[in-house]
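The hints should help you fit chain B onto chain A, whose structure is shown.
Chains A and B are the protein sequences, given in the same order. Going by my numbering, the letters in the first sequence line up with residues 3 to 348, in that order. Going by my numbering, the letters in the second sequence line up with residues 3 to 348, in that order.
Hints listed in this document are in silico derivations from the structure and should not be mistaken for laboratory results. Mixed in with the good hints, there may be bad ones.
[Unchecked claim] Derived pair list, reagent style DSS-like, types lysine-lysine, alpha-carbon separation capped at 27 Å:
#: 1; chain 1: B; residue 1: LYS29; chain 2: A; residue 2: LYS110
#: 2; chain 1: A; residue 1: LYS110; chain 2: A; residue 2: LYS156
#: 3; chain 1: B; residue 1: LYS110; chain 2: B; residue 2: LYS156
#: 4; chain 1: A; residue 1: LYS29; chain 2: B; residue 2: LYS110
There are 2 protein chains.
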Amino acid sequence: MSTRQRRRVTIADVARHAGVSTTAVSKVLRSAYGVSPAMRDRVRAAIDELGYRPRAAARAMRGRTYTIGVLLPDLRNPFFPDILDGLYEQLAATDYQAIIVTGGPDAKAESRAIDALVDRQVDGLLMVAPRVARARLEEVAGQVPAVVLGLHEKSARYDTVLDDDEVGAELVVGHLIGLGHRRIAHIGQRAVGRGRAAATLHEIRAATYARVMREQGLEGEIAVALTSYSEEGGYQGARELLARSPRPTAIFAGADQAAFGALTALHEAGLSVPADVSLAGYDNTRLAGLSQISLTSVDQDGGVMGRTAGRLLLERVEGRRSAVRFSVTPTLVPRRSTAPPPDSVA
Amino acid sequence: MSTRQRRRVTIADVARHAGVSTTAVSKVLRSAYGVSPAMRDRVRAAIDELGYRPRAAARAMRGRTYTIGVLLPDLRNPFFPDILDGLYEQLAATDYQAIIVTGGPDAKAESRAIDALVDRQVDGLLMVAPRVARARLEEVAGQVPAVVLGLHEKSARYDTVLDDDEVGAELVVGHLIGLGHRRIAHIGQRAVGRGRAAATLHEIRAATYARVMREQGLEGEIAVALTSYSEEGGYQGARELLARSPRPTAIFAGADQAAFGALTALHEAGLSVPADVSLAGYDNTRLAGLSQISLTSVDQDGGVMGRTAGRLLLERVEGRRSAVRFSVTPTLVPRRSTAPPPDSVA
Numbered sequence: 003m004s005t006r007q008r009r010r011v012t013i014a015d016v017a018r019h020a021g022v023s024t025t026a027v028s029k030v031l032r033s034a035y036g037v038s039p040a041m042r043d044r045v046r047a048a049i050d051e052l053g054y055r056p057r058a059a060a061r062a063m064r065g066r067t068y069t070i071g072v073l074l075p076d077l078r079n080p081f082f083p084d085i086l087d088g089l090y091e092q093l094a095a096t097d098y099q100a101i102i103v104t105g106g107p108d109a110k111a112e113s114r115a116i117d118a119l120v121d122r123q124v125d126g127l128l129m130v131a132p133r134v135a136r137a138r139l140e141e142v143a144g145q146v147p148a149v150v151l152g153l154h155e156k157s158a159r160y161d162t163v164l165d166d167d168e169v170g171a172e173l174v175v176g177h178l179i180g181l182g183h184r185r186i187a188h189i190g191q192r193a194v195g196r197g198r199a200a201a202t203l204h205e206i207r208a209a210t211y212a213r214v215m216r217e218q219g220l221e222g223e224i225a226v227a228l229t230s231y232s233e234e235g236g237y238q239g240a241r242e243l244l245a246r247s248p249r250p251t252a253i254f255a256g257a258d259q260a261a262f263g264a265l266t267a268l269h270e271a272g273l274s275v276p277a278d279v280s281l282a283g284y285d286n287t288r289l290a291g292l293s294q295i296s297l298t299s300v301d302q303d304g305g306v307m308g309r310t311a312g313r314l315l316l317e318r319v320e321g322r323r324s325a326v327r328f329s330v331t332p333t334l335v336p337r338r339s340t341a342p343p344p345d346s347v348a
Numbered sequence: 003m004s005t006r007q008r009r010r011v012t013i014a015d016v017a018r019h020a021g022v023s024t025t026a027v028s029k030v031l032r033s034a035y036g037v038s039p040a041m042r043d044r045v046r047a048a049i050d051e052l053g054y055r056p057r058a059a060a061r062a063m064r065g066r067t068y069t070i071g072v073l074l075p076d077l078r079n080p081f082f083p084d085i086l087d088g089l090y091e092q093l094a095a096t097d098y099q100a101i102i103v104t105g106g107p108d109a110k111a112e113s114r115a116i117d118a119l120v121d122r123q124v125d126g127l128l129m130v131a132p133r134v135a136r137a138r139l140e141e142v143a144g145q146v147p148a149v150v151l152g153l154h155e156k157s158a159r160y161d162t163v164l165d166d167d168e169v170g171a172e173l174v175v176g177h178l179i180g181l182g183h184r185r186i187a188h189i190g191q192r193a194v195g196r197g198r199a200a201a202t203l204h205e206i207r208a209a210t211y212a213r214v215m216r217e218q219g220l221e222g223e224i225a226v227a228l229t230s231y232s233e234e235g236g237y238q239g240a241r242e243l244l245a246r247s248p249r250p251t252a253i254f255a256g257a258d259q260a261a262f263g264a265l266t267a268l269h270e271a272g273l274s275v276p277a278d279v280s281l282a283g284y285d286n287t288r289l290a291g292l293s294q295i296s297l298t299s300v301d302q303d304g305g306v307m308g309r310t311a312g313r314l315l316l317e318r319v320e321g322r323r324s325a326v327r328f329s330v331t332p333t334l335v336p337r338r339s340t341a342p343p344p345d346s347v348a
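One chain only, chain A, in its complex shape (with noise of 0.2 Å):
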């Protein structure tokens, strides 16, 4: 049963069993370009077949782990495991294993988790949603080959993948104008651990909501609660907007976790959703759609932004060095959580 005590099998002997020379192997093995298909099942099929395992630790002095770093703010968004089910198809069909860190609670946890990582040589890094400052993501960029998703600064040093952030709130905002709402607040996230302004994806949510309120004359409606992207937030958020008298008739909630928060706020200030508040979130999480809770959402097609920075880091890691940026358009998702404001019928 244990292998344990047997030879372990090298890299010449896949090359004998397969009948090509060790280079090709070692191609292969890289996932290098210039291999043919052909060669690729031959030499894989001598892999499966002997059962070899290259070395971690003897990969990594000759400058390859064959590991992706992943770094998420937190387990419990359920939008990440979309951009991971992405991520991991990308890296199915080559040798490549994700691994994952949590950031943890501020900008100074993350840094920790960053370097940890990096510490571990990691190829290729994705940071999702980062806090810490740009000059950090610049410095860890200048040691890893790194993409980042759900930024919006521009850099030379590192790949983004974002959602046109801008496009979602306008999406929604417009959604509940049309429904015939004005007082209409949002729930956004404080920001932390950053300087500059307007890159967060949090704060170009909240920045759309403000303008697309201005320019339909309801600057005098805009209402604002700075909590934060989980369901405490949402929680939060949603009582400090519901004290306001009159209160708002419509909540746009920044992330759908923090609409989740919200639902339970609505529920015990004995509030139904939408009769009296509709309530739309963004993300549209798998959890949006169940039938109890039918929240209208922005869908943002994770997997499509998780494939994609899978293939960036690739191409990173095979020498690619001007720095790319790739957006996806995000589209509306109506459902039960919203419609139009009460006193509409009346």
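Only chain B this time, still in chain A's reference frame:
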């Protein structure tokens, strides 16, 4: 801004700065026993002031990577972050970093994910609800100190942290019978990849459901749909059960995640919860507490399980060889999704 040009801080620099021996610094770095709190604080202060970071590869060559590998079946089950929070809490005061990989759709993919962690020379391995066979788990445990969470099989090679799933399932079925239900159905998980029966938490929850039904003279009412502990699985399972005639008045889903999918199926069938059908889950995830869902569930304290798993792993890394078993006794959290059956008021 960049520190890449500077000479890297060494362990000797830290020792000099702290006024202690390099052996003492090394002991603190290893989180070894027998270091006084004062010594640890002094060395840690020097490490922080100088910005010392041990090289992971160099450490690996010396035998430690200060990495705990975590295998999760997926990232969508909202119970897993509770476990991880407990683990992080346990590791916070040490130099250990947790890295996460997901096991993928089947035992073969999971086995590759485990290999990936072993190849990256993790010092310890936490495997959450693994699908691979026990022989494979024991093989892995022979290579790396290992803790298995959620399996009931006994092993002398690894530690086990588990929920007393028998007690949990008894609580749910007893609660439903106490409310007056007789046609109580169960949504379970089809066995995947493991030979031995009665060892997975899924199997124990399903077997306990059947046992309690029999003990209560309800053998003829036993109805089980075996799908998976996921939203899709719960949806399919509930559709299968609702097609029965007469249909069940209560459904016990083996996991909250499956209960969420069952909710959608119930809603689509035009049935209301709990007026037409009562529904209970397992795991007491945060979403179960959301007012719109308010799902009766079983709490098994993932935080305690994660902290314990972390403590056991650190003990094993320090040399413990005997296998221990830690069991959490679950509690029932009744919410609005369960009520007396419709015909009981007639």
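Inset, instruction - Sort out whether A/LYS110 lies within 27 Å of B/LYS29, counting only the CA atoms. - result: At roughly 25 Å apart (the allowed maximum being 27 Å), A/LYS110 and B/LYS29 satisfy the hint.
Inset, instruction - Take the C-alpha atoms of A/LYS29 and B/LYS110, compute the straight-line distance between them, and say whether it is at most 27 Å. - result: Holds, because 25 Å separates the two Cα atoms, which is no more than 27 Å.
Inset, instruction - Mind checking the alpha carbons of A/LYS110 and A/LYS156 for me, to see if they're no more than 27 Å apart? - result: With Cα atoms ~22 Å apart, A/LYS110 and A/LYS156 stay inside 27 Å; holds.
Inset, instruction - Verify the proposed pairing of B/LYS110 with B/LYS156, using a straight-line Cα cut of 27 Å. - result: holds (22 Å)
Going through the hint list in order, the structure satisfies each hint without exception.
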